[in-house]
Amino acid sequence: MPFQWMPSRRKFLETAATLSSLSSLSAQTPSYSGQVPRRPLGKTGAQVSILGVGGYHLGSAETLDEAKRIVAMALDAGINFFDCAWDYHKGRSEEWLGAALAGKRDQAFLMTKVCTHGRDKNVAMRMLEESLRRLRTDHLDLWQIHEVIYDNDPDLIFTPNGAAEALVQAKKEGKVRFVGFTGHKDPAIHLKMLSHDFAFDTVQMPLNCMDASFRSFEEQVLPEVNRRGMAALGMKSMGGSGEMVRAGAVTAAEALSYAMSLPVAVTISGMESVGVLNQNLETARGFKPLPATAMAQLRERCRLDAADGRWELFKTTKKYDGDEGRLQHGFPDATELPA
Amino acid sequence: MPQSQSSSIPMRQFGKHEDRISALGFGGHHLGDAEDENTAIRLVHEAVDGGVTFFDNCWEYHRGKSEEWMGKALKGLRPKVFLMTKVCTHGRDRDLAARMLEESLRRLQTDHLDLWQIHGVSFDNDPDLFIRPNGAAEALRQAKQQGKVRFVGFTGHKDPGIHLKMLATGFPFDAVQMPLNAFDAQFRSFEKQVLPELNRRGIAALGMKPLQGHGDSILKGALTAEDALRYAMSLPVATTITGMEKPEILRQNLKIAQGFQPLNPAEMDRVRQSVREYSADGRFEMYKLSLKFDNPEARLAHGFPLDEEQAEVKEMMRATENTGKPYPELKK
Numbered sequence: 001m002p003f004q005w006m007p008s009r010r011k012f013l014e015t016a017a018t019l020s021s022l023s024s025l026s027a028q029t030p031s032y033s034g035q036v037p038r039r040p041l042g043k044t045g046a047q048v049s050i051l052g053v054g055g056y057h058l059g060s061a062e063t064l065d066e067a068k069r070i071v072a073m074a075l076d077a078g079i080n081f082f083d084c085a086w087d088y089h090k091g092r093s094e095e096w097l098g099a100a101l102a103g104k105r106d107q108a109f110l111m112t113k114v115c116t117h118g119r120d121k122n123v124a125m126r127m128l129e130e131s132l133r134r135l136r137t138d139h140l141d142l143w144q145i146h147e148v149i150y151d152n153d154p155d156l157i158f159t160p161n162g163a164a165e166a167l168v169q170a171k172k173e174g175k176v177r178f179v180g181f182t183g184h185k186d187p188a189i190h191l192k193m194l195s196h197d198f199a200f201d202t203v204q205m206p207l208n209c210m211d212a213s214f215r216s217f218e219e220q221v222l223p224e225v226n227r228r229g230m231a232a233l234g235m236k237s238m239g240g241s242g243e244m245v246r247a248g249a250v251t252a253a254e255a256l257s258y259a260m261s262l263p264v265a266v267t268i269s270g271m272e273s274v275g276v277l278n279q280n281l282e283t284a285r286g287f288k289p290l291p292a293t294a295m296a297q298l299r300e301r302c303r304l305d306a307a308d309g310r311w312e313l314f315k316t317t318k319k320y321d322g323d324e325g326r327l328q329h330g331f332p333d334a335t336e337l338p339a
Numbered sequence: 340m341p342q343s344q345s346s347s348i349p350m351r352q353f354g355k356h357e358d359r360i361s362a363l364g365f366g367g368h369h370l371g372d373a374e375d376e377n378t379a380i381r382l383v384h385e386a387v388d389g390g391v392t393f394f395d396n397c398w399e400y401h402r403g404k405s406e407e408w409m410g411k412a413l414k415g416l417r418p419k420v421f422l423m424t425k426v427c428t429h430g431r432d433r434d435l436a437a438r439m440l441e442e443s444l445r446r447l448q449t450d451h452l453d454l455w456q457i458h459g460v461s462f463d464n465d466p467d468l469f470i471r472p473n474g475a476a477e478a479l480r481q482a483k484q485q486g487k488v489r490f491v492g493f494t495g496h497k498d499p500g501i502h503l504k505m506l507a508t509g510f511p512f513d514a515v516q517m518p519l520n521a522f523d524a525q526f527r528s529f530e531k532q533v534l535p536e537l538n539r540r541g542i543a544a545l546g547m548k549p550l551q552g553h554g555d556s557i558l559k560g561a562l563t564a565e566d567a568l569r570y571a572m573s574l575p576v577a578t579t580i581t582g583m584e585k586p587e588i589l590r591q592n593l594k595i596a597q598g599f600q601p602l603n604p605a606e607m608d609r610v611r612q613s614v615r616e617y618s619a620d621g622r623f624e625m626y627k628l629s630l631k632f633d634n635p636e637a638r639l640a641h642g643f644p645l646d647e648e649q650a651e652v653k654e655m656m657r658a659t660e661n662t663g664k665p666y667p668e669l670k671k
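Taken in order, these protein sequences are the chains called A and B.
Residue numbering for the first sequence follows the working numbering, starting at 1 and increasing by one per position.
Residue numbering for the second sequence follows the working numbering, starting at 340 and increasing by one per position.
Because the hints were derived from the structure by calculation, they are not lab data.
One should not assume that every hint holds.
Here are the simulated lysine-lysine pairs, DSBU-like style, with alpha carbons at most 35 Å apart [as the list claims (entries may be wrong)]:
no. : chain 1 : residue 1 : chain 2 : residue 2
1   : B       : 653       : A       : 90
2   : B       : 653       : B       : 487
3   : A       : 192       : B       : 559
4   : B       : 631       : A       : 192
5   : A       : 121       : B       : 631
6   : B       : 404       : B       : 504
Could you put the whole structure together from the sequences, leaning on the hints where they help?
Below, the structure written as structure tokens:
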């Protein structure tokens, strides 16, 4: 990703102040102490922390040591959900996460994603072996199909010998406990995936206070996922790289609070430094969902700015579309077509 | 569409009006890509001689160069052509639109346009911004009343849903422009979703991007330029606008357009089938999927980040080097 978001101390202070005023609308006052709460992961029986550590940004940490510190501190705070993907930083994210979880694997609910982008089951199974090796484990808790963002991805995934068959096989072989898919582009593509009636355990999607008013996963996909008893995993709570926070539209705490207040199991957030982790923990420790009135107020405040998708670039531009998928779909890579 | 049978370019009816326009239209953006002003002027003259009457342009193409060159080229020929240009408010207000119109008329060396269209309706909230009080819709009405433009319309390349939302504003458009090609027929399709609605309402349909904007699909061998243009021109449209920045491209297109007979349904189906595998993910229709084809002015007006590596942005930056301002100052 071309730029990273590094919040300043001042931003954090503003954030905390705004959150208190937002919450004072109700009798609730968020607790700033305690552990990060957990929620059931759909009907799987697993419990996951409401805040998850995003694997892309973990690979953006300055050093492996910093990545290890982030993971250790997250575990101490009660976070057990760790996200990753086969193609993040060409494998570095998985390698660093594997190193950071060495000896702590049993404390984590470990997810990674497979990047077939239309290729067949065998490619998926080879990627799985590589992911397991990098992550230093013999099984994943959750294995998801990555970046279902092209209109024909669902067709390619469910073609005979496609990636959907790899999910079934990996589960049967005990290499993965649960399976799902993820994508950041268009609710219609998610619904097309669901229309195949495959037994996904989880579905990951962008959920934030802007999404609520623009090509909305919250409106179109989230209710359907919950209706089917699948676990909803939220991501891009601040726009992917904190765009909406840097633009001053919302504070980091507002954005994260909104996302975590939705009916999701976990909100996955990129935290490439201990500082960002700590800021998110301030919101997530002892988190109580915002009341409906505060949610409505925040949506309304964002509505006009949200209307053209300027802060959800993952929906409106190519910026967040990985090179692996672009290559398979015959699109220019990120250097040729950056946005 | 009723058309004449001869070796000249067929003339088709402009929506429900009596005007007839050439089935091949001359794209204004590519005119600004011509080698130099003299080449541009020769291209326009040769097009007029070859039977092209429909000329497309836009206030923001090449920072005005496209309009200026076309204005010079059409000197003395203005009554022979149907002249269109577009206004680039991108959600901004009616006064800005009116100032852009004056500038366009001056550059095009004319006192009226045959067609004035809202440019680049590409963002989901553009229809709301267009129709709001003091929005660009009021400028279209006013310009028509003042006799500065005969007809009005809008154009966009992003999403059939946005076009339908524009139509749902109830504004009386005379023309609507959209990408129409064999790829579009199978991906977020204007041909399927918008074109029938225009025909039903008697609004002139103007096709563009018969070669998907930059002809990538032809360079990569997915289909031939001839099949691509024939497909687009065979649809129920008033004209197909295409860019012709070189004499050889103009001549190739004139050859296809002169005495043009629409493909029959089986031939249309053959062309669609030949590109089917490339259509499903939109790889050759990136104007629907990325900001690549959204002009820097549009992105700025909507608060989108500018990617300084893109050719269109570099061009804009170069043109504003002296002021240091990314957005052009309008001359009042």
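Now the hints, each set against the structure:
1. 653(B) with 90(A): holds, 31 Å
2. 653(B) with 487(B): It holds: about 33 Å lies between the C-alpha atoms, which stays within 35 Å.
3. 192(A) with 559(B): holds, 30 Å
4. 631(B) with 192(A): Holds, because 26 Å separates the two Cα atoms, which is no more than 35 Å.
5. 121(A) with 631(B): holds, 33 Å
6. 404(B) with 504(B): holds, 32 Å
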